[in-house]
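Spelled out, the chains give:
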Amino acid sequence: AQTVTQSQPEMSVQEAETVTLSCTYDTSENNYYLFWYKQPPSRQMILVIRQEAYKQQNATENRFSVNFQKAAKSFSLKISDSQLGDTAMYFCAFMNLWDGSSNTGKLIFGQGTTLQVKP
Amino acid sequence: ETGVTQTPRHLVMGMTNKKSLKCEQHLGHNAMYWYKQSAKKPLELMFVYSLEERVENNSVPSRFSPECPNSSHLFLHLHTLQPEDSALYLCASSQDRSSYNSPLHFGNGTRLTVT
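Line order of the protein sequences matches chains Y and F.
Residue numbering for the first sequence follows our numbering, starting at 1 and increasing by one per position.
Residue numbering for the second sequence follows our numbering, starting at 120 and increasing by one per position.
Possibly wrong hints are sitting among the right ones.
As the list claims (entries may be wrong) - The calculated lysine to aspartate or glutamate pairs, modelled on EDC-like cross-linking and capped at a C-alpha distance of 20 Å, are:
id, chain 1, residue 1, chain 2, residue 2
1, Y, Lys106, F, Glu175
2, Y, Lys106, F, Glu163
3, Y, Lys73, Y, Glu15
4, F, Lys138, F, Glu203
5, F, Lys160, Y, Glu15
6, Y, Lys106, F, Glu171
7, F, Lys160, Y, Glu10
8, Y, Lys118, Y, Asp26
9, Y, Lys106, F, Glu172
10, F, Lys159, F, Glu175
11, F, Lys137, F, Glu203
12, Y, Lys106, F, Glu203
13, F, Lys159, Y, Glu15
Unchecked claim - Chain F stretches covered by chain Y per the calculated footprint, using a threshold of three residues with CB under 8 Å from any CB of chain Y:
id, segment
14, 161-173
15, 196-207
Hints listed in this document are in silico derivations from the structure and should not be mistaken for laboratory results.
Even for Gly, the Cβ is constructed at its ideal location relative to N, Cα and C.
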């Protein structure tokens, strides 16, 4: 079974600084997707960034980028120039490619990392 | 306007009560989901509906009963719940089921407290 582990329950960073959130996962599959979601105090989960496992190039979305290490099964999120609005809980998630079977296509989440951006 | 609207935002109910959570999506999506978010635990997928047909029941106790009358609405009917069912219940939708190009859009959740 696939699992996703976020080893940092809480982190903090000063405004304008850079922070990296770690995520590791376990799977025997070769093709899959990885995601980072953000959940601010409003509680709505928002997609931050996504990565296809067969792409070696790390995904980037403005101030958010990932360090995808497929062999190490690691998928960390780097937030540059942190802003107060980045304060939220961040979830790493994994999804197998959909093949119609019940074990694929499910989005499996980690436990989350609470990030506090300090002024 | 989030695109996915959940009501109520908060709900307190006794163990003998019957209540329902409502979810509505305005995105024209074909798949809808219920997730349970408990403190210090990963989000747990409860149910998946695709084109109004339930395609996933993730070993959820029968005291939780989903209903999807059409592709825009999803309900979660609750009865005889236990205190450990207290959690944040999140509804989500996606254009198609389980596609990289069809990410989940979440609502703001219903915070449920069972007393």
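Hint-by-hint comparison with the structure:
no.: 1; hint: Y:Lys106 / F:Glu175; result: holds (10 Å)
no.: 2; hint: Y:Lys106 / F:Glu163; result: holds (10 Å)
no.: 3; hint: Y:Lys73 / Y:Glu15; result: violated (30 Å)
no.: 4; hint: F:Lys138 / F:Glu203; result: holds (16 Å)
no.: 5; hint: F:Lys160 / Y:Glu15; result: violated (28 Å)
no.: 6; hint: Y:Lys106 / F:Glu171; result: holds (18 Å)
no.: 7; hint: F:Lys160 / Y:Glu10; result: holds (14 Å)
no.: 8; hint: Y:Lys118 / Y:Asp26; result: violated (33 Å)
no.: 9; hint: Y:Lys106 / F:Glu172; result: holds (16 Å)
no.: 10; hint: F:Lys159 / F:Glu175; result: violated (24 Å)
no.: 11; hint: F:Lys137 / F:Glu203; result: holds (16 Å)
no.: 12; hint: Y:Lys106 / F:Glu203; result: violated (24 Å)
no.: 13; hint: F:Lys159 / Y:Glu15; result: violated (26 Å)
no.: 14; hint: 161-173; result: holds (count 3)
no.: 15; hint: 196-207; result: violated (count 1)
The structure shown violates the earlier hints numbered 3, 5, 8, 10, 12, 13, 15.
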